[in-house]
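Asker: Going down the list, the sequences are from chains A and B. Residue 98 in the numbering used here sits at position 98 of the first sequence, and the numbers go up by one each step. Residue 337 in the numbering used here sits at position 39 of the second sequence, and the numbers go up by one each step.
Certain hints may be false.
[Unchecked claim] Incomplete in silico selection of chain B near chain A, CB under 8 Å:
id : residue
1  : 303
2  : 459
3  : 601
4  : 604
5  : 605
6  : 651
7  : 654
8  : 661
9  : 713
[Stated by the list, open to error] Keeping only pairs whose Cα atoms sit at most 20 Å apart, straight-line, the calculated EDC-like set for lysine to aspartate or glutamate is:
id : chain 1 : residue 1 : chain 2 : residue 2
10 : A       : 21        : B       : 753
11 : B       : 658       : B       : 717
12 : A       : 19        : B       : 406
13 : B       : 304       : A       : 181
14 : A       : 54        : B       : 411
15 : B       : 304       : A       : 269
FYI, nobody ran anything at the bench for these hints, they're computed from the structure. Since the model is a prediction, treat every value here as computed from it, not as a measurement. The C-beta atom is built at its ideal place from N, Cα and C for all residues, glycine as well.
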Amino acid sequence: MKEVRGLGTLLEEVTKKHKKKQALLFEGHEVTYRELNENANKVANGLASLGLAKGDRVALMLPNIPDFVYCFFGIQKLGAVAVPFNTMYKGREITHILNDCTAKAIITLTNFANLINEVSDEVPSLEHVILTGQRTLVFVSPDATVNVQMVVAKERFGSPEDAFRVVGEILVDTLKSFGVDAWYKHRGGVRAGGRKIGTVLVSTVENLVVINALVFLGPLTMDDFFRLIWVTPEIKDKAVEPMTSVEEETGSRPDIGAFKDALLAQLYETLGIDVETGQLKRDELFGYEKTKALATRN
Amino acid sequence: MEMNSKMRLIYNEKGVVADLLAYASGLVEGRIAGKYLLSGEKLPDTVVIQGFTRKGILAGADVDIDREASRKEGIDLAFYPRSGRGGPRPVGSVALADLLKSASRKFDAVDVEPDDPAVLLYTSGTTGKPKGVTLTHRNFNAECALVEELDLLREDDRVVLVLPLFHVYALSSGLISGLYLGTTFTLVPQYSPAKLLESIARTNASVLIAVPSMYMHLLQLTKARKTTIPKSLRLCVSGGAPLSLATLREFEEAFHTGIAEGYGLTESASAVCANKSGERFKPGSIGPAPSSVRIKVVDEAGNELPAGEVGEIVLQGALITPGYWNNPEATAEAFHEGWFHTGDLGYADEEGFFFITDRKKDIIVRGGFNISPREIEELLSTHPRIEDAAVVGVRNSRDQEAVKAFVVPRKGETLTERDILSFCAENLAGYKVPKYVEFRENLPKSATGKVLRKELREELRDERLIFRE
């Protein structure tokens, strides 16, 4: 056998030979060997700038997209260890792997941010969560889902970490008022009996905090949705996290009005916040209409 | 405190899915000072509560959704804008795009030793938590050499890569070996039979790396739609689970191609050997040992067995993992005198071709007899009204093992337990006939299409649940 080369060096050597040749084709885009090598270099530099170095374990939870390849070879160039794992893994599976290899960083899809957030306090080694791609999927359905959003000044809830906790606890108390034995898991997971009954995602933009929460009032039947997104039959039940709803936990489903009243009561009780019903103002309506048009155009 | 005691409520009882995006972004844009300056008002902290009148999906721009089906099903679609930077960012995270934006395009690979770990891949055994298989730079170099030796990939190939790269098969035999040779890959991030077929045709692919269920799906699809079958594939590689001979033949004929069935494990950095279509093809075999790998069949004591006798397959070579990450017990259990014990049972024929019969731990022992679940599964798969079947051993109250068959009937067909039992009784020794039969709509399978017997044995706790500490 030829002399053994590191995988990072291997890519460098093949790039010298095939500079302009296509390495990857992806949804109409072409990536040459030179571009692939340069992107891997950028990843290596980027990871190094976060303090990652030779021998560190970097987890990869990505589907087959070019970013997987760039990150994989970036990690190799750094002499670090790549730990790719199944994108269908959830809570305890992820925690086990990240802890077993004491991963310092994970690179994953933006839509898995919630999943990683929720377990990150159980993975002491994890220093960096690096997000990419646009593969979020949110399902809504009449009678099954209710959405709560807040756009508030950064100071209102303290740190974003506090925002997670405050909103999580308000949702837990709201659910408890309907008789659900709900509890709040770290960073955004609202659960009942191990299953997900609600999610909270906290984002920041400039001086604002944006909170987006979804709560399941009734059972969400997934079959309709899977007619639009093809998933092999045997993994269908794995594609989504086990979920539950107020109806499944208590036998009855509150209507949205009852949920609204209960949530507002909690806002007042817990935070002393009094709400006044209003409408979007002109500036807001402008942004609203523009976003709606962009989101639904074909 | 005065400011904090008030918030505005926007109550949107009859919302649609696009409102999920539109409200948040309207509120943000209104608040970010001077964006439009239409009203000049100071805008308050706001809570939006909304319900929905119709079903809807809010999807990232990269999600592949059947738009025609969405119209038919009456499900609304909304997509996140593609703009990468500047929008709201989940807290506690870094955007890869931001990280790369300021990074240099130049970097010289850090020097590594051949036996430094390059990758850890976690595999689930039948018991216990997933173990991390350590794969070194040496292991991957060996796999590259093997793929070249077996002529699975060539420099001028265009390869469709639909199998997940987090799995050893696509990562090692596919991506790494292919890039080493200078091939071109088409990445398919989301599998559907139609998308795969379209990718093969559009890119004029010369090699497909897939698992048995995908070959079956492609055949079903081309039959159902009577579509033109692309004839560009010079070779197909199948692995991950055994491919039935009937499917193999039918696929080769329909697609004018040859299928190489590979055998390998995560612990061997993917493929160890392959049974290639052509002169040296032997039905049911995994092929002979390539020059870089040593394969033998041993008995319980580790003695090599003569041709034709079934024992455990053991491996040696530069492909083989140095062991499990931080798990010397599991490593010691898997290696004996330098040979890696695969846990697969099989035999070699007189010409040195290997055959796998079963997984060691799947063997059912009944009244002192060993029963091969695979033998019963293969019989069941020949039944015209059976789509798929799996056989496992279950323990009764006296801790004796009994055979249980899980059967997936073909669409539109009905089967009774008696049908199954009499079919087995006609074709099998009495002690092999299942004691229990359960009908299912589908079988639990791994990412590569391997039946997850552990789940069928109902030993599995739902690992996906999250519990209170």
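Asker: Any hints from earlier that this structure breaks? Give me their numbers in increasing order, please.
Answerer: 3, 4, 5, 6, 7, 8, 9, 10, 11, 13
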